[in-house]
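Asks: Sequence:
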Amino acid sequence: MSDGSDEAASGQDAARLGRDLMAEAIASDVEAVRERLSALWTDPAIDVWLTSANAHLDGARPIDVLALGGLGPVIEAIEIEVVGGSR
Numbered sequence: 001m002s003d004g005s006d007e008a009a010s011g012q013d014a015a016r017l018g019r020d021l022m023a024e025a026i027a028s029d030v031e032a033v034r035e036r037l038s039a040l041w042t043d044p045a046i047d048v049w050l051t052s053a054n055a056h057l058d059g060a061r062p063i064d065v066l067a068l069g070g071l072g073p074v075i076e077a078i079e080i081e082v083v084g085g086s087r
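Position 29 (the sequence shown) corresponds to 29 in the working numbering; numbering is contiguous.
These aren't lab readings, by the way, just hints derived from the structure by calculation.
Be aware that a few hints might be false.
[Stated by the list, open to error] Per label pair, the in silico range of CB-to-CB distance:
hint: 1; residue 1: Ser10; residue 2: Ile80; range: 42 to 50 Å
hint: 2; residue 1: Val82; residue 2: Ser10; range: 40 to 48 Å
hint: 3; residue 1: Ala14; residue 2: Leu40; range: 35 to 43 Å
hint: 4; residue 1: Ala14; residue 2: Ile75; range: 30 to 38 Å
hint: 5; residue 1: Thr42; residue 2: Arg16; range: 27 to 35 Å
hint: 6; residue 1: Asp64; residue 2: Asp43; range: 17 to 25 Å
hint: 7; residue 1: Ala55; residue 2: Asp13; range: 32 to 40 Å
As the structure is a computational prediction, the values presented were derived from the model and not from experiment.
For every residue, glycine included, the Cβ atom is placed at its ideal position computed from N, Cα and C.
Sequences are here, hints too, so could you generate the full structure?
Replies: Here is the structure:
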């Protein structure tokens with residue numbers, strides 16, 4: 001009779017694998033974003049921008065938009081930042 005610990009460990013491993021796969025998938029997108037923003041800000045400021053609600057993304061965080069496969073909208077938001085636009 002199983003106490004469920006094997007299943008829990010397996011579920012935790014699957015969740016960790018999912019997070020790792022997601023991080024790998026968006027790593028190149030995050031790097032592209034960092035390259036574009038490095039002309040404006042330092043790395044700590046870019047980190048804040050990536051993880052903060054963004055009006056140009058209808059309140060979504062850029063990192064979340066990237067995770068959902070949306071590099072295009074994030075690049076558009078960057079273009080607006082570069083020219084000093086506000087919303």
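Asks: Each hint needs a verdict: does it hold in this structure or not?
Replies: Hint check:
1. Separation of Ser10 from Ile80 is about 45 Å and conforms to the stated range, judged on CB atoms against 42 to 50 Å.
2. The given range of 40 to 48 Å is respected by Val82 and Ser10, whose C-beta atoms sit roughly 46 Å from each other.
3. The beta-carbon spacing between Ala14 and Leu40, approximately 39 Å, falls within the hinted interval of 35 to 43 Å.
4. The hinted range of 30 to 38 Å is satisfied by Ala14 and Ile75, whose Cβ atoms lie roughly 32 Å apart.
5. Taking the beta carbon of each, Thr42 and Arg16 are about 31 Å apart, inside 27 to 35 Å as hinted.
6. Range check, Asp64 to Asp43: Cβ separation about 20 Å, and the 17 to 25 Å hint holds.
7. The hinted window of 32 to 40 Å between Ala55 and Asp13 holds, with their beta carbons roughly 38 Å apart.
Going down the numbered hints, you'll see the structure goes against none, and every one checks out.
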